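Visitor: Sequence:
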Amino acid sequence: MLNNKHLPLFVVASIIKKNKTVFHKINEKVTIKVPGKLIESLIKLCNGVRSSDEIVQLLNQEWDENSLRGLIEELFERGVLVDSRYLGDSLLKAIENPSCFSSSLTDEDLAKLTEKSIATHKSDPKSKVFETSPFFLKRLIDNRRSTRSFSHKPINFQNIINIIWAAYGELSNSKGGISDHHRSVPSGGALYPLKVNLVLLKDFEEISCGIYDVWLGLPEKVGFNLVSKDIGQFVRSFTDPSILEDAQGVIIVSGSYHNNGKKYGNRSLPYTLLEAGHVAQNIYLTASELEIG
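Residue 40 in numbering that gives the first Met the number 0 sits at position 41 of the sequence shown, with consecutive numbering throughout.
Keep in mind the hints are simulated off the structure, nothing from the lab. The reader is advised that the hints may include incorrect statements.
What the hints assert, rightly or not - For lysine-lysine, the following DSS-like pairs were computed, each having C-alpha atoms within a straight-line distance of at most 25 angstroms: (1) Lys-220 x Lys-201; (2) Lys-32 x Lys-43; (3) Lys-220 x Lys-261; (4) Lys-152 x Lys-228; (5) Lys-262 x Lys-194; (6) Lys-152 x Lys-201; (7) Lys-137 x Lys-121; (8) Lys-92 x Lys-28.
The structure presented is a predicted model; accordingly, all values stated were derived computationally and were not measured.
Using the sequences and the hints given, assemble the complete structure.
Guide: In structure tokens form, the structure reads like this:
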């Protein structure tokens, strides 16, 4: 059913003919067979400021109201219209992996890109240079590395709990005995739009392999709710499943920018991605501290 409070905005190119319009999305064409005059009117009115209800009211003298609502609802369902407060919906297809738009770079080109990036950061400084001093976090940062191969050594289950808590757990800080519900990372408006899942690829004494929702509802506590024992489909979702060989498990960080979008609109997309980056860095640094890799 059409949400009357949506703020419709067209996000794809269109070719309008007499009684047929073709919308060109990133990965498909959407054909709508309605009078071109109606589509032209909708394109003018759906400016991301007017609500669906306002647009229907402006057009219902010339067009049937139920048909208008049905058409707008269909355009939303087929990804031609989006709510202007959530433009990220139209961007997700463009950033999928593998990409809809393949790169023509060779391995040699990619190596040169890396060399150029290193050279840029090492170019002559334009200001004074100072030496860092030792501090605890520096050691963890020095040891942090990304890896695509794993040691096959068993991981203590307590270490997994510690890593997940460091990722997005609730802190024990309180004022006057009342928890302030802050987590291990900053979040715009303290809205915390992320979710953490754990996929265990090997059994532990405490819990067996499977896909788990992670519960982080109390300070310094971590819980696990089994979602599925079938990890095969998860493994097949990787473009290169062999990367999981010798891995004990995978921590998944996902998020809904619709949650914080109620406050921040389209700014919720970069805010959610930044927050996920904070979570990932906490995972890296905790793994470094626990010497896991």
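Visitor: Evaluate each hint against the coordinates.
Guide: Consistency of the hints with the structure:
1. The hinted pair formed by Lys-220 and Lys-201 meets the criterion: a straight-line CA distance of about 22 angstroms does not exceed 25 angstroms.
2. Of the supplied pair hints, the one linking Lys-32 and Lys-43 holds, its CA atoms being roughly 18 angstroms apart against a limit of 25 angstroms.
3. Of the supplied pair hints, the one linking Lys-220 and Lys-261 is violated, its CA atoms being roughly 29 angstroms apart against a limit of 25 angstroms.
4. With a CA separation close to 23 angstroms, the supplied pair Lys-152 and Lys-228 stays within the 25 angstroms bound.
5. At most 25 angstroms may separate the alpha-carbon atoms for a hinted pair to count; Lys-262 and Lys-194 meet this at roughly 19 angstroms.
6. For the hint linking Lys-152 to Lys-201, the alpha-carbon distance of about 12 angstroms falls within 25 angstroms, and the restraint holds.
7. Proposed proximity of Lys-137 and Lys-121 is supported: the alpha carbons are some 20 angstroms apart, at most 25 angstroms.
8. Proximity of Lys-92 to Lys-28 is assessed by CA-CA distance (about 14 angstroms); at most 25 angstroms being required, the pair is judged to hold.
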